[in-house]
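Number of protein chains: 2
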Amino acid sequence: MRRFKCRVTVTRLTGYQYVLSPKRVTEVLIIGEQMSAQTDNRLDFFFRPSSVAVIGASRDPEKLGYAVLANLKEGGFPGALYPVNPKADEILGLRAYPTVLDIPGPVDLAIIVIPYPLVPTALEQCGQKGVPAAVVISAGFREAGREGLERELEVVNIARRYGIRLIGPNCLGVIDTNTPLNATFAAGMPPGGPIAFMSQSGALGTAVLDMALAGRIGFSRFVSLGNKADVNEVDLLEAWEDDPGSKVILAYIEGLPDGQRFMEVARRVTRKKPVVAVKSGVTRSGARAVSSHTGSLAGSEAAYHAAFRQAGVIRAESMEHLFDLALAFAYQPLPPGDRIAVVTNAGGPGILATDALEHAGLQLARLRPETVEALMANLPSAASAANPVDVLGDALADRYEHALRLVLADPGVDGVIVIVTPQAMTQIEETAHVVGRVAREHSKPVLGCFMGESRIAAGIAILQQYGIPNYPFPERAAAALAAMVRYRQEREQPSYPPAHFEADRAAVRKVLDEARAQGRVSIGDAEARAILEAYGFPLPPSRLAATPEEAIAAAEDMGYPVVLKIASPDILHKTDVGGVRLNLRSPADVRDAFDLIVYRATRYVPGARIWGCLVQKMVPPGREVLIGMSRDPQFGPLVAFGLGGIYVEALKDVVFRVAPFGPEEAAEMIREIRSYPLLEGVRGEPPADHAAMVDALCRVSQLVTDFPEIVELDINPLVVYEEGRGAVALDMRLVLS
Amino acid sequence: MRRFKCRVTVTRLTGYQYVLSPKRVTEVLIIGEQMSAQTDNRLDFFFRPSSVAVIGASRDPEKLGYAVLANLKEGGFPGALYPVNPKADEILGLRAYPTVLDIPGPVDLAIIVIPYPLVPTALEQCGQKGVPAAVVISAGFREAGREGLERELEVVNIARRYGIRLIGPNCLGVIDTNTPLNATFAAGMPPGGPIAFMSQSGALGTAVLDMALAGRIGFSRFVSLGNKADVNEVDLLEAWEDDPGSKVILAYIEGLPDGQRFMEVARRVTRKKPVVAVKSGVTRSGARAVSSHTGSLAGSEAAYHAAFRQAGVIRAESMEHLFDLALAFAYQPLPPGDRIAVVTNAGGPGILATDALEHAGLQLARLRPETVEALMANLPSAASAANPVDVLGDALADRYEHALRLVLADPGVDGVIVIVTPQAMTQIEETAHVVGRVAREHSKPVLGCFMGESRIAAGIAILQQYGIPNYPFPERAAAALAAMVRYRQEREQPSYPPAHFEADRAAVRKVLDEARAQGRVSIGDAEARAILEAYGFPLPPSRLAATPEEAIAAAEDMGYPVVLKIASPDILHKTDVGGVRLNLRSPADVRDAFDLIVYRATRYVPGARIWGCLVQKMVPPGREVLIGMSRDPQFGPLVAFGLGGIYVEALKDVVFRVAPFGPEEAAEMIREIRSYPLLEGVRGEPPADHAAMVDALCRVSQLVTDFPEIVELDINPLVVYEEGRGAVALDMRLVLS
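Chains as they are written, first to last, in our numbering: chain P, 143 to 879; chain H, 143 to 879.
The shape of chain P in the complex, shown without the other chains:
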């Protein structure tokens, strides 16, 4: 068994369920990463193989091996299909082979549905046969505890040895509706469509396929990822990136082992097509359920939030939301802007739509006077020609046609929601045809909101033929439009590179090495200063003084008033031990402070090494912000920004981004905190120096990227002055790995 270099510190993994030994766990975690680093075209064999072997194909309709073979056959797979079963000559009219080695021609894809003890041998044979891709449906691996985990490692090693790409184990299988290929044991083949779907949960996959069978959703590709022993979300993103049949990629994610690679790939893919994901295990108890489920490590919510956002991945709040967005992205053009019109035959739902649009952050389009006039000329006098356009309860299809055509032609309209309530005279089906036809005349999104269920169903089915997604209530249509608008806006922004500054890395290296040599992982104010200085942070003049006399001399040099802080490698939280004295205005003040600080420090932390006191020039007051960093096991350095003091502590008003990032991202962080108005200035106060905060955030981003051994960092406070006057880092600490 080969050993790999560990990228995740073992101390982070103590909560893990299957801790065998630190080394082992490390291996499990990086398997996917190691293999998928070889981006190759073997993934194609999962979706467009010329030949498929079903290892474990069965004649017993109760067995999964039967279901998989039957699905492949009934699904119309056009290539060669080889049942493998040592006890049968023929299954479902196809010649069966005792092992994969007995198959005469080449095999592009093996589907393995045999009891877990037999899987290693079968895979070994696949390797000997030269099979490039295998789906292991069989369960009994990592999800089944410690022994299962060992088995999974064995299987992965075989795959790696032979260069086989592997989906699963413990999964539902793979579908490609274009090939067509249905290598799952699900009930039936879902309708085709431009949506590619990957799921870490196979059962959720069955529910989703069952929804698809009802006709509302069509898939291009479907993958149940199972335990993700090899192929994971990142591989599929890459495989689907240029697939012309997949217009939108959906993912149900419980955990991502290599968050940084996910971000890197997703950043690229989301520029080409939307990626929408549900990330579960968000809450504390949810995360517990995840780890008892597939044993995946759930990254912290804040990290996922930041990472998805930075990578352009659209986060759906629920599976329902996921499909609501998918339908809009799959079947409708992106809106050129955020100004939405509503055409309705009912006032109440029009109001609901208006509320929903505003709630979703969209604009109610203002129609041009020409549009309003033309509407008025074609609608009864009681109708409303302003947006929402109310064609009235007795509107027939022709009135909808007039209104929709005029509204779509208005250059001030970027998208339309068409509401139809089934009133006495409503021509539901004709209206659906009209909406479908008129929508095709323009390249703006049109979403249906045909409300009801019984009479309205026929209309919804017609809309679907035209590729108009229907939402039962206006709120859901508005949410889908809002996601489209945001996606388009984000995609149109250039990719901003991370900021880069000249920095004295050697100076930092020296401090870190010294601390490490002394066995210290905590870097307090005095040393942290040197590090920040090397990265160009503005700091107040300051000097370490070993005696009261040195402190006075330093104060005289820099000028009063000064601050004294305890300097000790053993004391990180200085205020807790009375280790900080502010506003010292004379030599006597400094002497008293020095003695008091040192006395208290030795009393509160007996045995602490005391270097003396840091004398620091007292800076004028300003607005205090905090910049922090901690390392997320999945995504790496997570930089935090918030107002300092009570705002961060009591109000939890803080935002995160994964480093490295550039000034654009930093500026967004600053604007995102709830207390941002306080930085803009209230009651006539001038705004705080935005550029200085952006600069500080970017320097932290670079520092923690350059030195991965820094696992925590706190600058609290960074005192920010008014626009143009900069900022000063007053207090700081670091923790090393």
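Any given hint could turn out to be false.
What the hints assert, rightly or not - Here's a subset of chain H near chain P, in silico, CB distances under 7 Å, partners left out:
{"hint": "1", "residue": "T348"}
{"hint": "2", "residue": "V824"}
{"hint": "3", "residue": "G826"}
Worth flagging that the hints you see were computed from the coordinates, not collected in a lab. A virtual CB, placed ideally from N, CA and C, is assigned to each residue, including glycine.
Starting from the structure of chain P, add chain H where the hints point.
The following block gives chain H in isolation, referenced to the frame of chain P:
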């Protein structure tokens, strides 16, 4: 035409679309209120009449008058049915009469579906005939502009003259599935069920009835309120309060003209059964759409939010949410507590459910050791016996039965969500029967989450037979359970009476009358002090000084330091004109401040009447909060609470309640602001005096209730000291109507 006393000031109504004259508008607004004040049993005739006349019944199937008569007949109305049509002898096999006066027997309910010009005469004839209740379906009234409004007033006057209760005009009609009575022109009769539904939008009603026809929802009563010329939401709440057939009341509301009566009645009704409402026109543009729709006045969002909450009305976020909650309330018992268990055959959806429960504020139940043991004895070893209970993908119905029975029997479980994904071996229908049967053995809510659409549909239909509502995704089931838990908790709290203090009303009356006599509506600090003092507010010593010498004398009496503030009836925002000087520590300070303040005030506000300065003892610093009040046109006095200064202004961190209220409500307000941790104390600070804030809020509540002419009030800041040390109102202003 009678004139009524106006309760809503006309200045509030300038945005109203149909302003005829101030007096007229006033009348329109209070019609509903005046009539429904006579709570009577005439409303029963709308739902259980012995005889119904359809005025405008038609033989032409294209006409609404045909649809209404056909619905009544086909709906199985058991009483006498009289078509009224001067041009026909017989319609749908029923004898027709030229007018309602020609009908031989008594008529309990008239349904009027004739062109609007004929409505007044028809209603007049109903009056002569002694008909107690009429539904006017005809449109062409208030919604049709100025002339329509005149017509509506005429119709209402006729109804009032004869004592006829009236639903509509411009509505879809009325349904009672128990009678059964379908007096609408909707397509078909919805299935019966324990849900009563009222809608201000008729079209939304058609959509809802169409949903019901598909079978998921059953109604007891359905009313389309139309223009609410007489019968409104409050009347229906009262009529349905004791209806045994209605277990839950749903309402779609665009605006409530008499919010205070709504609160009074809803407070009572929600103690008996849940009332769930969608209030639309929430956002700014939504509210615009409301006023162009039925011309109802949308109250401010904050007022509706506070009023619904105080009255126990559950606010649904969308129509979808409304029905999700309705189904749970209608068919399942209330949970005894908030500890929820999940039984699932799939890990992924189990995680989603766990996330959703936590997100909804519910607890993931901790199963008793006995339950876990029994589960382990009955489930395969790979199953999870902790909550969520994962019965595994190959679970048949019997495994669900075991698990569900054990979980429901656990005293630590208050409700259960049963998740079923359609996996290869899943017995969907048998499992649905099991869930239905086992749920009946306990009086805890069980909600289904059978996920999928095609294969799963049969299971959902079976669940429905057992009264188990099904939700397509766990998030929606969790939201429904959360609403049930909150409803139960709130219903179990006693009804707290408003606080009552002894107060010197005469003193307040005197100040108000004086201001009014002088034609002033703004009451500044100096006078507002007297008012607050009369209501027992703690205030710092203070005295009005007309000259610098008087100011010095006052300061000497009360002791330095003092504050000087400009005293002028024409200057409300004192700091804007440099009208406040703090921390004056000597006679010289006071003299300088006096002259400077008066000089600046006269310069900034030429012609302002200057009374001199208010000398006020400087109080020690504390935490500053704001208490305010403004009058909402629908709900009356809306009291606001927030942290003072930047928190209210820049962070909009403020909560509202409709006065009068008691200390319990006041305490809730304080805890509800986002910045509450700052009042609790951060960084070792002691908590602020909670009791003093509650006291001040209750005193404001009583003051603004006692004196309706106070339309605005601001105490900003109220300086609050630490626990037990009270609070002091530092600055205050009032505005009179």
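**Message:** I'd like to know which numbered hints this structure contradicts. Please list them from smallest to largest.
**Reply:** Hint check: 3 fails alone, others pass.
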